[in-house]
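Novice: Listed here are the chains, written in short residue letters.
Protein chains: 2
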Amino acid sequence: MKITCQSPVNIAVIKYWGKENVELNLPTNGSISVTLSMEHIKTITCVESNEQIKQDSLVLNGELVEIPGRMKLVIDKMRNIAIRCGNRQIKYKSESPLESPADPRHFITIKSRNTFPTAAGLASSASGYSCLVYCLSLLYHLDAYLTRTELSEFARLGSGSSCRSLFPGLVEWHLGDSSSTSVADSICDSWEDLDILVCIVKSEKKKVGSTVGMQQTVKSSALFKHRVEGMPAKLETMKRAIIAKDFETFANLTMADSNQFHAVCLDTFPPIIYLNEDSRWFIEFVHEYNRMAGETAVAYTFDAGPNPVLYMRSKYTGDVVRLLKQLVDVTKFKSIRDFNECVTIVNELGENIPKTNIPVEIIHAKCGAGPSLCKEEGI
Amino acid sequence: MKITCQSPVNIAVIKYWGKENVELNLPTNGSISVTLSMEHIKTITCVESNEQIKQDSLVLNGELVEIPGRMKLVIDKMRNIAIRCGNRQIKYKSESPLESPADPRHFITIKSRNTFPTAAGLASSASGYSCLVYCLSLLYHLDAYLTRTELSEFARLGSGSSCRSLFPGLVEWHLGDSSSTSVADSICDSWEDLDILVCIVKSEKKKVGSTVGMQQTVKSSALFKHRVEGMPAKLETMKRAIIAKDFETFANLTMADSNQFHAVCLDTFPPIIYLNEDSRWFIEFVHEYNRMAGETAVAYTFDAGPNPVLYMRSKYTGDVVRLLKQLVDVTKFKSIRDFNECVTIVNELGENIPKTNIPVEIIHAKCGAGPSLCKEEGI
Numbered sequence: 001m002k003i004t005c006q007s008p009v010n011i012a013v014i015k016y017w018g019k020e021n022v023e024l025n026l027p028t029n030g031s032i033s034v035t036l037s038m039e040h041i042k043t044i045t046c047v048e049s050n051e052q053i054k055q056d057s058l059v060l061n062g063e064l065v066e067i068p069g070r071m072k073l074v075i076d077k078m079r080n081i082a083i084r085c086g087n088r089q090i091k092y093k094s095e096s097p098l099e100s101p102a103d104p105r106h107f108i109t110i111k112s113r114n115t116f117p118t119a120a121g122l123a124s125s126a127s128g129y130s131c132l133v134y135c136l137s138l139l140y141h142l143d144a145y146l147t148r149t150e151l152s153e154f155a156r157l158g159s160g161s162s163c164r165s166l167f168p169g170l171v172e173w174h175l176g177d178s179s180s181t182s183v184a185d186s187i188c189d190s191w192e193d194l195d196i197l198v199c200i201v202k203s204e205k206k207k208v209g210s211t212v213g214m215q216q217t218v219k220s221s222a223l224f225k226h227r228v229e230g231m232p233a234k235l236e237t238m239k240r241a242i243i244a245k246d247f248e249t250f251a252n253l254t255m256a257d258s259n260q261f262h263a264v265c266l267d268t269f270p271p272i273i274y275l276n277e278d279s280r281w282f283i284e285f286v287h288e289y290n291r292m293a294g295e296t297a298v299a300y301t302f303d304a305g306p307n308p309v310l311y312m313r314s315k316y317t318g319d320v321v322r323l324l325k326q327l328v329d330v331t332k333f334k335s336i337r338d339f340n341e342c343v344t345i346v347n348e349l350g351e352n353i354p355k356t357n358i359p360v361e362i363i364h365a366k367c368g369a370g371p372s373l374c375k376e377e378g379i
Numbered sequence: 001m002k003i004t005c006q007s008p009v010n011i012a013v014i015k016y017w018g019k020e021n022v023e024l025n026l027p028t029n030g031s032i033s034v035t036l037s038m039e040h041i042k043t044i045t046c047v048e049s050n051e052q053i054k055q056d057s058l059v060l061n062g063e064l065v066e067i068p069g070r071m072k073l074v075i076d077k078m079r080n081i082a083i084r085c086g087n088r089q090i091k092y093k094s095e096s097p098l099e100s101p102a103d104p105r106h107f108i109t110i111k112s113r114n115t116f117p118t119a120a121g122l123a124s125s126a127s128g129y130s131c132l133v134y135c136l137s138l139l140y141h142l143d144a145y146l147t148r149t150e151l152s153e154f155a156r157l158g159s160g161s162s163c164r165s166l167f168p169g170l171v172e173w174h175l176g177d178s179s180s181t182s183v184a185d186s187i188c189d190s191w192e193d194l195d196i197l198v199c200i201v202k203s204e205k206k207k208v209g210s211t212v213g214m215q216q217t218v219k220s221s222a223l224f225k226h227r228v229e230g231m232p233a234k235l236e237t238m239k240r241a242i243i244a245k246d247f248e249t250f251a252n253l254t255m256a257d258s259n260q261f262h263a264v265c266l267d268t269f270p271p272i273i274y275l276n277e278d279s280r281w282f283i284e285f286v287h288e289y290n291r292m293a294g295e296t297a298v299a300y301t302f303d304a305g306p307n308p309v310l311y312m313r314s315k316y317t318g319d320v321v322r323l324l325k326q327l328v329d330v331t332k333f334k335s336i337r338d339f340n341e342c343v344t345i346v347n348e349l350g351e352n353i354p355k356t357n358i359p360v361e362i363i364h365a366k367c368g369a370g371p372s373l374c375k376e377e378g379i
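Read top to bottom, the protein sequences are chains A and B. Counting from 1, one number per residue, gives the positions in the first sequence under the UniProt record's numbering. Counting from 1, one number per residue, gives the positions in the second sequence under the UniProt record's numbering.
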């Protein structure tokens with residue numbers, strides 16, 4: 001019995017940084033993200049289960065690797081639930097293509113592949129764990145007993161922010177006050193007018209990983225607790241902006257929160273510095289573009305790495321791409337739409353935004369769907 | 001009648017960033033700095049006054065420039081005090097070489113020169129205004145009526161941090177609650193065991209000047225007010241460390257405060273980013289060096305620019321210089337001591353600190369004296 005699914009990456013607009021409980025991946029604050037459409041960036045995972053399989057195994061991007069401790073935990077939790085659910089009344093209609101659930105006492109083979117470099121600074125663990133949890137939920141028909149929000153607890157146990165990748169559109173990971181309440185939920189399913197450009201300036205492996213980095217911040221940053229204190233109000237404002245499709249507020253909060261996240265990283269001791277001069281170029285580009293456009297047309301956000309993700313109203317996307325092609329060395333542009341007949345909106349930028357030779361790979365996405373079944377090809 | 005003086009640069013270890021009152025240069029928090037010895041970095045100013053001079057004028061680094069508004073204010077304030085003091089009882093012995101004070105109703109010619117690039121990120125306004133105020137105090141014998149701390153108010157009106165350059169050693173600029181109480185004072189006159197390496201990685205002019213930048217921070221950074229709240233305790237800890245010559249605490253607080261200052265810059269909207277990849281290299285170098293040395297041997301601090309200033313216990317200076325010469329492109333090294341027979345302490349650093357081709361000019365200094373009379377040569 002075999003299930004193959006795809007699951008999206010999500011990019012936070014209000015960032016998760018800091019664990020209240022390391023073992024359970026309970027965060028110090030709630031967070032909000034955008035789920036990216038899967039044309040160019042996603043994880044595909046195939047889980048197979050049958051009597052013949054002699055032990056659990058994981059093939060990641062074509063390489064047989066040991067199953068990480070957290071993944072074992074997630075698999076065991078879901079198996080245990082599956083065993084217990086065996087006798088219960090079905091609550092929902094399962095989306096599983098399997099007529100009956102797999103036997104959770106059998107071993108499984110997991111094959112998983114990301115369509116982007118693992119260390120590109122994109123949250124491969126988010127798409128990865130959400131994909132695994134979604135696969136297992138269909139394999140064991142757990143979605144007949146548990147809501148998507150309830151399933152998101154398992155993803156969170158694997159990798160905090162992956163709970164958000166189980167939902168389409170704009171998603172909140174609630175702070176909660178326990179493992180079962182610190183779960184994800186949809187704010188809205190889509191934002192048609194939103195375009196996303198993931199700009200990869202460097203694929204170098206992070207010097208300080210998120211898990212270690214955020215614990216150092218919690219421990220040593222004097223400013224961090226004030227960031228946390230301000231979070232409930234910020235999350236509320238952001239949710240209202242998203243529901244109202246108020247791009248201006250959404251964009252400004254997104255940029256300010258990214259800056260604040262990197263500020264508390266810098267306030268960590270020793271400091272954690274993820275932004276580099278390429279990042280700074282993009283920050284200045286966006287502010288200058290908005291100034292010339294006469295409104296907040298574009299927003300940037302940076303996760304734990306130097307790569308900017310740009311959010312923009314779709315009428316600006318062609319114009320932004322055209323300018324980027326003029327100003328930086330766009331080595332690859334993976335689009336999902338044709339921009340050839342775009343109207344020029346901002347003719348040129350001020351001299352503070354010089355032409356540079358930064359090599360940038362740009363991946364275009366929209367606000368996308370959550371995990372779904374897919375074909376096994378090429379894993 | 002003519003007075004020529006030299007005045008030092010000071011480098012804050014607890015930073016001034018944010019004005020409570022822009023007109024009066026009253027800060028949002030107190031600050032502490034180290035006064036640098038003047039072998040290689042200083043301002044030399046010559047002020048001349050006589051009946052023949054037909055108007056006030058300023059020659060800055062050889063160029064006739066308009067006298068800035070704030071400088072006019074400082075000059076006028078000091079002239080007015082001089083006029084009023086004319087009839088009063090002398091309180092202290094003046095250090096002036098002039099037997100009688102110049103007539104404050106005469107115009108003056110100011111010639112001033114910095115021995116370092118104005119835009120190097122070093123506080124040229126600090127040495128500049130302190131030098132001018134010191135010159136005028138001797139020209140008008142104001143030091144017969146006012147203490148150095150009282151004189152520091154005039155320097156502050158010109159450029160906030162310049163009030164600290166009127167004192168030797170380690171200096172506090174008190175927050176105060178009025179123009180006459182927000183003044184500077186010595187914490188201790190010297191720290192024999194302290195060496196300072198000013199590392200100039202770039203002389204490019206700042207994109208965001210301090211005055212504009214700090215007002216943007218006050219206005220837009222959510223974290224800034226929490227930095228200010230934490231200041232009184234931090235200043236107390238720092239003062240105690242300085243008095244006890246506790247380098248460990250001094251160094252860690254210095255680094256943490258520099259990081260926090262740059263954190264609130266990054267939390268500003270739009271963000272202000274002074275640190276670049278060269279800065280980051282030095283930050284990582286220092287933490288790695290300290291790790292290898294087994295104690296906090298070196299500290300970094302960055303003002304509103306990318307240039308690191310390193311403080312260290314003097315037994316490490318030769319070793320740090322030797323390593324820097326191996327690892328970066330030291331284009332110039334202006335020393336005040338011979339390091340040829342230095343003992344190697346840290347043999348080599350981990351692979352996280354790669355050899356790079358960053359061009360760096362290094363200027364060596366000690367904790368130094370305040371302003372003093374000097375010869376006019378070469379202004």
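Hints may be right or wrong, so weigh each one.
Identical chains share a label here; the pair holds if one copy fits it or two copies do between them.
[Said to hold, decoys possible] EDC-like cross-link-like pairs, simulated, lysine to aspartate or glutamate; straight-line CA separation at most 20 Å: (1) Lys72 with Asp338; (2) Lys54 with Glu348; (3) Lys245 with Glu295; (4) Lys315 with Glu51; (5) Lys202 with Asp278; (6) Lys207 with Glu351; (7) Lys207 with Glu277; (8) Lys19 with Asp56; (9) Lys207 with Glu288; (10) Lys91 with Asp143; (11) Lys332 with Glu39; (12) Lys207 with Glu284; (13) Lys334 with Asp56; (14) Lys375 with Glu99; (15) Lys207 with Asp278; (16) Lys54 with Asp76; (17) Lys111 with Glu192.
Calculated directly from the structure, the hints in this document are not laboratory data.
Novice: Evaluate Lys111 and Glu192 at a C-alpha cut-off of 20 Å and name the case that applies: within, between, both or neither.
Specialist: neither (33 Å within a copy, 64 Å between copies)
Novice: Treating 20 Å as the Cα threshold, decide for Lys54 and Glu348: within, between, both or neither.
Specialist: Answer is neither: 63 Å inside a copy and 49 Å across each miss the 20 Å cutoff.
Novice: What label fits Lys19 with Asp56 when the C-alpha limit is 20 Å: within, between, both, or neither?
Specialist: Intra 29 Å, inter 62 Å, cutoff 20 Å: neither.
Novice: Regarding Lys375 and Glu99, is the shortest C-alpha distance of 20 Å or less found within a copy, between copies, in both, or in neither?
Specialist: within (18 Å within a copy, 96 Å between copies)
Novice: Indicate which option fits the pair Lys207, Glu288 if close means a Cα-Cα distance not exceeding 20 Å: within, between, both or neither.
Specialist: Between. Shortest inter-copy distance 14 Å satisfies the 20 Å Cα cut-off; intra-copy 30 Å does not.
Novice: Using 20 Å as the alpha-carbon threshold, which applies to Lys207 and Glu277: within, between, both, or neither?
Specialist: This pair counts as both: shortest intra-copy Cα distance 16 Å, inter-copy 14 Å.
Novice: Give the relationship of Lys332 and Glu39 under a CA distance limit of 20 Å: within one copy only, between copies only, both, or neither.
Specialist: within (15 Å within a copy, 53 Å between copies)
Novice: Within a copy, between copies, both or neither: where do Lys202 and Asp278 come within 20 Å Cα-Cα?
Specialist: Both: 9 Å inside a copy, 17 Å across copies.
Novice: Treating 20 Å as the Cα threshold, decide for Lys207 and Asp278: within, between, both or neither.
Specialist: both (17 Å within a copy, 16 Å between copies)
Novice: Within a copy, between copies, both or neither: where do Lys54 and Asp76 come within 20 Å Cα-Cα?
Specialist: So Lys54 and Asp76 pass the 20 Å test inside one copy only (16 Å; across, 90 Å).
Novice: With 20 Å as the alpha-carbon cut-off, assign the pair Lys334 and Asp56 to within, between, both or neither.
Specialist: Close neither inside one copy (36 Å) nor across copies (64 Å); limit 20 Å.
Novice: Quick one: Lys91 to Asp143, C-alpha cut-off 20 Å, is that within a copy, between copies, both, or neither?
Specialist: Result: close within a single copy only, 9 Å intra versus 88 Å inter.
Hints 1, 2, 4, 8, 13, 17 from the earlier list are contradicted by this structure; the remaining hints agree with it.
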